[in-house]
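Let chain A serve as the given structure and place chain B with the ligands on it in line with the hints.
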Amino acid sequence: MTARRDLAVAVAIWAVLSAIGVVVVLGTQILPVIASREAEVVNGAFVMLTVASVPILMLVVVPSAYSAIRFRASDDDETDGPPIHGHRAFEAGWVVVSLVLVIGLAAFGTIGLLEIRGGPDADLEVRAESTQWAWEFAYPDLGVRSKELVLPVDRRVRITIVSDDVLHSFYVPAFGIKQDAVPGRVTYLHVTPTVTGTYGAQCAELCGLGHTKMVAGVAVLELSEFEAWVAEQQPQQP
Amino acid sequence: MDRWRRPGLARGVLGGVAGFAVGALPIVAAAQLGADIKPGHGLALGYIGAQVGWLLGLGALRFWTAWALGRAADPVDQAAAHGRAGDWTRYFRFTTDHKVIGLQYLITSFVLFLTAGLLAMVLRLELAQPGRLMDGDTYNTVMSTHGIVMIVVALIAIVGGLGNYFVPLMIGARDMAFPKVNALSYWLLPPALLLIVANPLLGGFDTGWTAYPPLSQQANLGQQAFILTFITLGVSSIISAVNFLVTVARMRAPGMSLTRMPIFVWALTVTTSIVLVATSVVAAGMTMLLFDRLLGTAFFRPSAGGDPILFQHLFWFYSHPAVYVMAVPAFGAVLEVVPVFARKPLFAYRLAVLSFIGIGVLSFMVWAHHMFVSGMADYFHIPIMITTELISVPTGIVFLSALGTIWLGRIRFATPMLWVFGFLWNFVIGGITGVFLADVPTDLALSDTYFVVAHFHYTIVGGMVYGLFAGTYYWFPKITGRLMDERLGRAHFWWFTLAFNATFLPMFWLGLQGMRRRVADYPADLADVNLWTSVASSTIALSTLVFLVNAIRSWARGPKASANPWRAHTLEWQVASPPPVENFEHLPTVTAGPYEYGVSASGPVIRPGGATGH
Ligand SMILES: [Cu+2]
Ligand SMILES: [Cu+2]
Chain A
805 MTARRDLAVA
815 VAIWAVLSAI
825 GVVVVLGTQI
835 LPVIASREAE
845 VVNGAFVMLT
855 VASVPILMLV
865 VVPSAYSAIR
875 FRASDDDETD
885 GPPIHGHRAF
895 EAGWVVVSLV
905 LVIGLAAFGT
915 IGLLEIRGGP
925 DADLEVRAES
935 TQWAWEFAYP
945 DLGVRSKELV
955 LPVDRRVRIT
965 IVSDDVLHSF
975 YVPAFGIKQD
985 AVPGRVTYLH
995 VTPTVTGTYG
1005 AQCAELCGLG
1015 HTKMVAGVAV
1025 LELSEFEAWV
1035 AEQQPQQP
Chain B
2 MDRWRRPGLA
12 RGVLGGVAGF
22 AVGALPIVAA
32 AQLGADIKPG
42 HGLALGYIGA
52 QVGWLLGLGA
62 LRFWTAWALG
72 RAADPVDQAA
82 AHGRAGDWTR
92 YFRFTTDHKV
102 IGLQYLITSF
112 VLFLTAGLLA
122 MVLRLELAQP
132 GRLMDGDTYN
142 TVMSTHGIVM
152 IVVALIAIVG
162 GLGNYFVPLM
172 IGARDMAFPK
182 VNALSYWLLP
192 PALLLIVANP
202 LLGGFDTGWT
212 AYPPLSQQAN
222 LGQQAFILTF
232 ITLGVSSIIS
242 AVNFLVTVAR
252 MRAPGMSLTR
262 MPIFVWALTV
272 TTSIVLVATS
282 VVAAGMTMLL
292 FDRLLGTAFF
302 RPSAGGDPIL
312 FQHLFWFYSH
322 PAVYVMAVPA
332 FGAVLEVVPV
342 FARKPLFAYR
352 LAVLSFIGIG
362 VLSFMVWAHH
372 MFVSGMADYF
382 HIPIMITTEL
392 ISVPTGIVFL
402 SALGTIWLGR
412 IRFATPMLWV
422 FGFLWNFVIG
432 GITGVFLADV
442 PTDLALSDTY
452 FVVAHFHYTI
462 VGGMVYGLFA
472 GTYYWFPKIT
482 GRLMDERLGR
492 AHFWWFTLAF
502 NATFLPMFWL
512 GLQGMRRRVA
522 DYPADLADVN
532 LWTSVASSTI
542 ALSTLVFLVN
552 AIRSWARGPK
562 ASANPWRAHT
572 LEWQVASPPP
582 VENFEHLPTV
592 TAGPYEYGVS
602 ASGPVIRPGG
612 ATGH
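Those sequence lines, one after another, are chains A and B. If you're matching positions, the first sequence starts at 805 in our numbering and goes up one per residue. If you're matching positions, the second sequence starts at 2 in our numbering and goes up one per residue.
Among these hints, one or two may not hold up.
Within a straight-line C-alpha distance of at most 25 Å, the following computed SDA-like cross-link-like pairs (lysine to any residue) qualify [claimed, not checked]:
#: 1; chain 1: A; residue 1: K1017; chain 2: B; residue 2: D526
#: 2; chain 1: A; residue 1: K951; chain 2: A; residue 2: V837
#: 3; chain 1: A; residue 1: K1017; chain 2: B; residue 2: Q130
#: 4; chain 1: A; residue 1: K951; chain 2: B; residue 2: D522
#: 5; chain 1: A; residue 1: K1017; chain 2: B; residue 2: M372
#: 6; chain 1: A; residue 1: K1017; chain 2: B; residue 2: A528
#: 7; chain 1: A; residue 1: K1017; chain 2: B; residue 2: L124
#: 8; chain 1: A; residue 1: K1017; chain 2: B; residue 2: D138
#: 9; chain 1: A; residue 1: K1017; chain 2: B; residue 2: P524
#: 10; chain 1: A; residue 1: K1017; chain 2: B; residue 2: L46
#: 11; chain 1: A; residue 1: K951; chain 2: B; residue 2: G132
Calculated from the structure, these hints are not laboratory results.
One chain only, chain A, in its complex shape (with noise of 0.2 Å):
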């Protein structure tokens, strides 16, 4: 029968597109850096979901193409197609599979929403302080005020975020994850800084008129570099 040779080839074509899709994206770096252990758990995301995203994307691209190729009709042609108005089987599959496939994803979502919000103490405190338009950052264990948020590398830290006026977010894209500011409450997120270098925190909420200056540095230092930071950060001793 040419309609079951149609679906046969259409499905071997939809297979091997699949699979190159997928050699592809498993040879692509996603996220473009990644410096936290936050963002390692980000970008695990990222890559199992782009990889379940590719059969699905041939899924339309390829019956379409094909039918738009082997199924086109000519202008002049006034013939109907055959009156098949559903597939019983076909339909309760395509059901019960994306279903499936959903269930699946928000199960790993789930392992990797507690990976990043739960887990351990943290063993620094930083508050990241929003105004409308700047950062600042207080280290009230150590006493210290900064404009530019320096962490120690392979620690685990809790930044604490408020804001006195708007919303703001706290997004720094190395580590992967951001958090927004809420005046009236207390926010925050854990990162742990795996990978020493200078990057960007950005306010990622609308906040008005400096909203696009809303910037800060961030610095990832080894742990005797960030001590000897503090120590210069401290006021000094009478």
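Frame of chain A, contents of chain B with the ligands only:
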């Protein structure tokens, strides 16, 4: 001076101006007496006065005021309000014919689409290179206005335009259930739309279309224009939704059972149900915001114990379902077009209907996916992530239905069918990238970046705009009685599709690099891609000119269209093109489903009942 004596546009404008003065007067007086008055107070009351004066002058309320005053209905006036065929003035006054109202919505939407498109060009001009061209307030106002005007277009173009025009025709009715309410729903809009387009004159606003407090509490008077427009649009959509639902429930022709209802009508039914339930919630939120600005309340003011996150809940409880108010009618239009040009019955019709209903129900349970980084409780992320990803199951069924229909079909690539394929290819990208935003770990990185901008343009343009163009090219011969130029139609499709993808595909990458949305500047290493995007976006505008030329030229002197040029089976094609004023001389009796292609060999199987025998 006759025009001032009769209700109409001129007297409406006069009434609006007078109404504004009357409304604002007490505020001016109070200010003279030393009350603590802000310009916003005058704008709010003046706007209400202007709306009332406008509607009175226009004659939009004359039937109800006559009734309230105990006067007998004037049948001559009622008939005049319905309009005569060929009388162009009916498009510029309070006319109750659903086809006139549909066209009013459609043309209004298109004008707004061009306006907001031009604003997007201004945005892309600023973003073409690093550094700044305009000051921050101007940029934010242009960005915010582009956003809200496009949202209005997406909300009203298919529902108000194609929905009004075709739902009564497709179910075999002579008009909507409440024609005067229908006209009122349209005529509430012009003052509101004028206000939002003119908001820069009031100082503009800088919050984007989401209007999050506390920023929206301190923003300029333009913010208040936004709030008043939003609430007016809400009132208009609620009364229009009631009208649609009653029409579909009560006005179907004999034999038009629910399972014989065209899929487009089903889409509108689900859409307007969503509108009916969700809209009052956001209207309440906007009203509370207005009160915070004007009356000293503190619903969302943290310094006085209010909660800004409450606003986000109220806002998204409407504004996520609103995404489906934009998308589901487009699904309906696409699935309406597919069987006609594939010459096959709509695949899995019942499952598609169920999927619309499923989308409608689930759309109320996913709103907080916009708030994964807002600071709401952590545990709440999990159920919202699950429901958001679940909604891709019914959405996927739309693809199943379309793909199942074209498979083994006899596909004719007339222009409407091209837009269907464009819908499939572009909307699938919007759908898949939506999963990255529904998934909490990836959303923590992507939220508020250009990835989001790219994603929602793929859903709203890929979904709604492609559906709108599929429907417009499909129904143009019915509306105008003339065929569109196929060559220009194809050129429009390919040009628009390439330009759209060239513009928005790179934005996913920009988002992954950490470029925030709603910024006027960016680091130098993103300059090349931004320049490319800016240039590409201007070609979208040019492609729209092709459509404009085609539509105007074809409307004026295209080849005459027969009643049923596509050999479709649904009822709107069984009447003349364009349809007569009351649609059906004799109400049709429906004897078969709408998509029985290949079952009955010779064309339409739904015939008008009675003795006319076309
Ligand atoms: Cu900010
Ligand atoms: Cu949403």
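Hints, one by one, checked against the model:
no., hint, verdict
1, A/K1017 to B/D526, "holds, 16 Å"
2, A/K951 to A/V837, "holds, 23 Å"
3, A/K1017 to B/Q130, "holds, 16 Å"
4, A/K951 to B/D522, "holds, 21 Å"
5, A/K1017 to B/M372, "holds, 23 Å"
6, A/K1017 to B/A528, "holds, 17 Å"
7, A/K1017 to B/L124, "holds, 17 Å"
8, A/K1017 to B/D138, "holds, 13 Å"
9, A/K1017 to B/P524, "holds, 11 Å"
10, A/K1017 to B/L46, "violated, 37 Å"
11, A/K951 to B/G132, "holds, 23 Å"
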